[in-house]
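K.L.:
What follows is the residue order along each chain.
There are 2 protein chains.
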Amino acid sequence: MHGMAPSDSAKTGTLAPTITRPRVVILGAGFGGLNAAQALRSAPVDVTVIDRRNYHLFQPLLYQVATAGLSPAQIATPIRRILARQKNATVLMDRVLDVDLERRLVITRQREVPYDYLIVATGARHAYFGHDEWEAFAPGLKKIDDATALRTRILAAFERAEVTEDEAERKRLLTFVVIGAGPTGVEMAGAIAELAKMGIARDFRNIDPRQAEILLVEAGPRILASFPDSLSQAAQRQLERLGVKLVLGEAVVACDADGIALKDGRRIDSGTLVWAAGVEASPAAKWLKAPADRAGRVIVAPDLRLPGYPNVFVIGDTAAVKDAAGIAVPGIAPAAKQMGRFAANEIIASIKGKPPRDFTYRDYGNLATIGRKAAVADFGRFRFSGLIAWLLWSFAHVWFLIGFRNRFTVFFDWIWAYVTYQRGARLITGGEN
Amino acid sequence: MHGMAPSDSAKTGTLAPTITRPRVVILGAGFGGLNAAQALRSAPVDVTVIDRRNYHLFQPLLYQVATAGLSPAQIATPIRRILARQKNATVLMDRVLDVDLERRLVITRQREVPYDYLIVATGARHAYFGHDEWEAFAPGLKKIDDATALRTRILAAFERAEVTEDEAERKRLLTFVVIGAGPTGVEMAGAIAELAKMGIARDFRNIDPRQAEILLVEAGPRILASFPDSLSQAAQRQLERLGVKLVLGEAVVACDADGIALKDGRRIDSGTLVWAAGVEASPAAKWLKAPADRAGRVIVAPDLRLPGYPNVFVIGDTAAVKDAAGIAVPGIAPAAKQMGRFAANEIIASIKGKPPRDFTYRDYGNLATIGRKAAVADFGRFRFSGLIAWLLWSFAHVWFLIGFRNRFTVFFDWIWAYVTYQRGARLITGGEN
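Protein chains in written order, with the numbering used here: chain A, 516 to 948; chain B, 516 to 948.
Worth flagging that the hints you see were computed from the coordinates, not collected in a lab. Quick caveat: nothing in here was measured; it's all calculated off a predicted structure. There could be a bad hint or two in this list.
One copy or two, either will do: identical chains are not told apart, so a pair holds if it fits within one copy or between any two.
[Claimed, not checked] Derived DSSO-like pairs: lysine-lysine, alpha-carbon spacing no greater than 27 Å straight-line:
hint, residue 1, residue 2
1, K712, K888
2, K686, K869
3, K602, K686
4, K712, K837
5, K657, K760
6, K657, K712
7, K869, K801
8, K712, K602
9, K657, K888
Build out the structure end to end from the sequences listed, making use of the hints.
P.N.:
Structure follows, in structure tokens:
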């Protein structure tokens, strides 16, 4: 028997009075939620983590699964495994339907879960700006299944190109379009280019994968808009060296089974579209009946609390927040982790009767990778691109991967891929062909 | 440009006379088909391998994917990667619809592929003895997607049991039924028992996974019927030590969403059924308009040729054959490999004008694994069970896994799992929850 479940004490039949400890419920086990739970490890509270998936995902490497470099299990770990030894933590795999703020209940598909403190960290998903019908043609990249579905599309395009006897169709199948040139779009375009030009270049007979066209389409004037201009330029040069073609300042006005249409009237025929153009927050604002920004993020004060409900925190990509210094907190993993730890510490302080404080975001820099020996790194005064940035990026990502085992196998797979140019997870799964 | 594809010579525009080499078409890249292709490496033929999947699967370890021990990419390798350096081999990912024996054409979904020699090695799939409606409730285990779907079912059963507040439902969710006690059924039952009793035992709060019931149901009088009686007995003891309950001599008469019904009228409520009770051959007999046995296998003579068509070979699980010594060739990987190499050598001999020979099966022994330090091994005069058999099994399987990289990572994962009792791929994927 483990933990403090009600059935245990019922079974042992003790007459001791139940010591009620504050119940902290955390919605979502991404970077924010998981760091909050872990920061409550020694606190006199009962923690319940609710997530509709059973795994914590190291999302920054998801594009590697989508391009056959890593296996899903290398970047995802069961949430309950991570928290197995934290005696005050319970994990429930369930879908949140609503929150009753007055009765302090989380309503899930299977039950109602009472809380004294609530941390909402349900993250974001890709958004199509009112064109949800595009999702079927241009899938995004947020969970494992997205990544394996994209992997299947990308690899199957080469396979179909090898089989077909129709030249136009072959050209269409060998054209890949990535929409949106933020970090995810840049990573995907670079990784598809490396897959085509190096990883599988010698494996076909009727096609030459090196002839594949990889287009990166961006509505804004430059790629990686969150980076300084000089690093955008450097990233652009590195992408072009990999053979990626940039289409800048062009909005996509249609996605369909045969390709995309651009605002200027051009059509690009393509067999594989990847959506990396935008995200919107989970439905948390609806559950909390709270005001949200255009991306659906709950607007919270620098104390990360829901206005009027000092026991409810909103963190990570679910929150739109300016910190104590007036800085808009970015939607990246380090920010979510910091907010998770902050919310946990505020709960501990609140139990001790201390007043609320404001969150201050610490900016440790910004990294984006493009491909083999190609990346950009922005640490304010220090900026790097190329090999040094790529080494920084590689070590940072392996380091932050949860669990020794995954760290080791990812490291091994990367060394192997570096030496052989091979990608280890080239499997077309799902559906029949 | 690579290889000898027609488009290449068209592009280079050479006027040299086309040297027509015999075209060997191989349907299916399992153990039989792949070994046939590789045995033709230096032969003066053009080889085309057609498979509807892009990977060769090391099927004997598929149960490890279904029970979260290994990742799909560790036991599957792209077919075209394996054959990348074999200049006379082309791989097409396509679905075979029919064979035109008179015009010597394979008809696929996308094209017609002419052949001079044909090797049919399309394998087998699970069979429900006329109850195909059972498949939705009791899925089998033949391809990667079967394994990841089963993994999701097994892991989700524990997750749902943790969340539910209904005691009867919890008991049902913690009951696992494996139907059929051949090697696959024994492996599955043993692996589910190890997962529940060791791998995840400490990760839950409201349930104790060690209380899970794992039932192995078999219509025949004993498990592992293809092994000598003494090894069946040994395997049975090892399974029972792992906590698996055996239900022998009981046919399943119904499978539904809530469990199974047995012939004697008993019902077993269960949240997870696994089908390991039977296979049937692929539709090859239909394509070839050839007589088949009860399991759908094409009946061929000891020369492995389709009667009346000396240029058409049927091998592996697709064939029902008694070899030159009158021994029924078993449906296992080593037999398929031998038949693949035999067919390739017969084609080489035929090109040289030599007469057909008969196939002789070489029995190198029979292995089945049950769990940690538990297995049985039958080498005729020498029989082993327990630790020695398990070590033999482990080394044989790591050895035969294709590719150094997979061999290394599987080996590492096993050592890791052995030391920590952890299973590395506990991901619930596919569908939303």
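K.L.:
List in ascending order the numbers of the hints, as given earlier, that are violated by the structure.
P.N.:
Going through the list in order, the structure violates hints 2, 4, 7 and respects the others.
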